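> Here are the chains, one letter per residue:
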Amino acid sequence: MPTSSHITSVPVSVDEEKCIAHKGCTVCVDVCPLDVLAIDFVKGKAYMQFDECWYCMPCEKDCPTGAIHVDIPYLLR
Amino acid sequence: MIKGFQINPLIKDYNGPACAYVTGPFGGYTTNNKGERFIECDYWSGQMMMEFYRELQGGDGPVFLKLDHLAEETIGTIETILHTNERPSRGRFHAGRGTDYRQQMVEMHISEIGLCSGHSASGVWVNEHAETTVRGLHAAGDLACVPHNYMLGAFVYGKLAGESAARYCAGNELPAVDEQQVAAERQRVWAPLSRADGLPPSQVEYKLRRMVNDYLQPPKVTRKMEIGLQRFEAIRQDLDRMQARNPHELMRAMEVHAIRDCAEMAARASLYRTESRWGLYHYRLDHPHSNDADWLVHVQLQKKNGVMRCFKRPIEPYIVALDEDEKTAYQRLRINKEEAHHANELAHH
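Taken in order, these protein sequences are the chains called A and B. When the letters of the first sequence are read in order and numbered with my numbering, they come out as residues 17 to 93. When the letters of the second sequence are read in order and numbered with my numbering, they come out as residues 2 to 350.
Simulated from the structure, these hints should not be mistaken for laboratory data. On a predicted model such as this, the values are computed, not experimentally measured, just so you know. Careful, some of the hints might be misleading.
Ranges between beta-carbon positions, derived for each pair [to be verified]:
#1 ASP69/B <-> LYS77/A: 22 to 32 Å
#2 GLU234/B <-> GLY40/A: 42 to 52 Å
#3 PRO176/B <-> ASP67/A: 37 to 47 Å
#4 SER20/A <-> ARG187/B: 24 to 34 Å
#5 SER29/A <-> GLU87/B: 15 to 25 Å
#6 THR78/B <-> LYS77/A: 13 to 23 Å
#7 ARG333/B <-> LYS77/A: 36 to 46 Å
#8 SER20/A <-> HIS290/B: 49 to 59 Å
#9 ARG224/B <-> LYS59/A: 53 to 63 Å
#10 THR78/B <-> ARG93/A: 23 to 33 Å
#11 ARG93/A <-> ILE82/B: 17 to 27 Å
#12 ASP67/A <-> HIS342/B: 46 to 56 Å
As a list, the in silico DMTMM-like pairs of lysine to aspartate or glutamate whose alpha-carbon atoms are at most 25 Å apart [stated by the list, open to error]:
#13 LYS208/B <-> GLU68/A
#14 LYS77/A <-> GLU87/B
#15 LYS305/B <-> GLU265/B
#16 LYS208/B <-> ASP67/A
#17 LYS59/A <-> GLU250/B
#18 LYS208/B <-> ASP51/A
#19 LYS13/B <-> ASP87/A
For each residue, glycine too, the CB sits at the ideal point set by N, CA and C.
Generate the whole structure from the sequences, applying the supplied hints.
The following block contains the structure:
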């Protein structure tokens with residue numbers, strides 16, 4: 017089956033300077049009710065893997081270092 | 002009981018309720034595009050959505066949440082509640098569009114349909130002990146049919162379900178696990194992981210949801226729902242073609258199975274009840290009137306030999322008797338302008 021990948025702007029951004037996933041932190045991944053955040057094990061940083069965000073914000077509120085910011089998705093702005 | 006599905010007034014373009022009912026005690030309310038109230042009560046119901054729909058059809062829409070007449074400290078209190086509780090990103094959404102409750106009303110829109118029983122007249126049937134028709138299976142919350150009971154219903158039925166489940170466990174031994182059944186279910190659930198060259202679950206879900214909204218969204222039309230059933234039947238074949246590349250996609254693939262089942266149940270139950278009831282929730286254009294003689298009953302679905310089948314279940318007698326006047330209160334939700342005007346005149350003399 018022929019497929020394509022298209023680029024999409026996602027609402028959750030992670031400040032990699034502040035993110036401490038390399039120390040074993042997974043708070044944002046654990047609190048996300050939609051299972052859309054993940055840890056990049058090569059970089060040791062959290063990122064938004066799936067574009068299915070409801071912008072409910074526990075990831076931003078619970079991040080112990082304030083590394084996460086949730087924007088309203090462009091399509092709804 | 003599936004045909005009285007949920008259709009809510011949400012904030013236009015935002016995945017959250019406008020919460021007019023939260024602002025009500027502070028003086029906020031639902032209006033049409035002229036800033037006029039048109040419903041007596043802002044709480045969600047099928048009749049409330051019918052009046053909302055009529056406002057849109059009559060050219061007086063969109064419908065708005067109005068707060069701009071309130072005092073600064075009242076609006077501040079409302080902002081603290083609405084922007085920190087159910088949807089904390091709501092303030093961010095409004096700020097992005099320049100919507101300030103002090104100056105602008107908040108535009109609302111009718112949501113797509115859903116089967117959230119706590120907010121509608123749908124869900125899995127339970128008795129007064131929160132028991133389903135499957136022995137040993139108890140239900141509460143938005144799954145169990147305790148219509149329009151919201152959090153209060155979830156709390157009360159959570160307690161009832163816990164108590165009755167504990168009683169059941171105390172009186173019954175654990176049954177033997179059917180290993181064959183477990184193996185068959187594991188094979189069904191994991192199948193998308195071993196498929197190559199399959200359909201992406203996100204595309205199957207998108208198509209299915211689009212068909213649901215195109216064919217089942219009230220007002221309901223018999224021919225459209227019949228076509229919807231054909232589409233859902235066709236999509237059943239697609240379930241066995243979905244591919245998942247990771248656990249997340251597998252979860253979404255399995256959700257598509259459940260969404261498709263719900264779509265078929267909604268269509269079959271809606272077609273079975275040949276009358277209209279609960280305002281917009283079950284408004285059938287080819288059967289526009291209520292018929293208590295034949296339909297003051299629950300309509301439920303069961304699986305018999307692998308096929309969905311509808312049947313009627315009688316309504317239990319009311320525990321608290323209703324006045325005759327109260328029985329029609331639901332149908333009198335629209336503000337009667339002449340009566341309101343007359344009351345106003347009297348108040349001024």
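> Each hint: holds or not?
Now the hints, each set against the structure:
1. ASP69/B <-> LYS77/A: 22 to 32 Å: The hinted range 22 to 32 Å holds for ASP69/B and LYS77/A, with Cβ atoms some 30 Å apart.
2. GLU234/B <-> GLY40/A: 42 to 52 Å: The hint (42 to 52 Å, Cβ to Cβ) holds, given that GLU234/B and GLY40/A are roughly 49 Å apart.
3. PRO176/B <-> ASP67/A: 37 to 47 Å: holds, 43 Å
4. SER20/A <-> ARG187/B: 24 to 34 Å: holds, 33 Å
5. SER29/A <-> GLU87/B: 15 to 25 Å: Hint holds: Cβ distance 24 Å, inside 15 to 25 Å.
6. THR78/B <-> LYS77/A: 13 to 23 Å: holds, 21 Å
7. ARG333/B <-> LYS77/A: 36 to 46 Å: 43 Å Cβ-Cβ, so the 36 to 46 Å window holds.
8. SER20/A <-> HIS290/B: 49 to 59 Å: At roughly 51 Å between Cβ atoms, HIS290/B and SER20/A fall inside 49 to 59 Å, so the hint holds.
9. ARG224/B <-> LYS59/A: 53 to 63 Å: holds, 55 Å
10. THR78/B <-> ARG93/A: 23 to 33 Å: This hint holds: roughly 27 Å between Cβ atoms.
11. ARG93/A <-> ILE82/B: 17 to 27 Å: holds, 24 Å
12. ASP67/A <-> HIS342/B: 46 to 56 Å: holds, 52 Å
13. LYS208/B <-> GLU68/A: Holds, because 16 Å separates the two Cα atoms, which is no more than 25 Å.
14. LYS77/A <-> GLU87/B: holds, 14 Å
15. LYS305/B <-> GLU265/B: It holds: about 15 Å lies between the C-alpha atoms, which stays within 25 Å.
16. LYS208/B <-> ASP67/A: holds, 17 Å
17. LYS59/A <-> GLU250/B: holds, 23 Å
18. LYS208/B <-> ASP51/A: Holds. LYS208/B to ASP51/A sits at ~22 Å (cutoff 25 Å).
19. LYS13/B <-> ASP87/A: Holds - the C-alpha atoms of ASP87/A and LYS13/B are around 17 Å apart, at most 25 Å.
Hint check: no violations occur; every hint is consistent with the structure.
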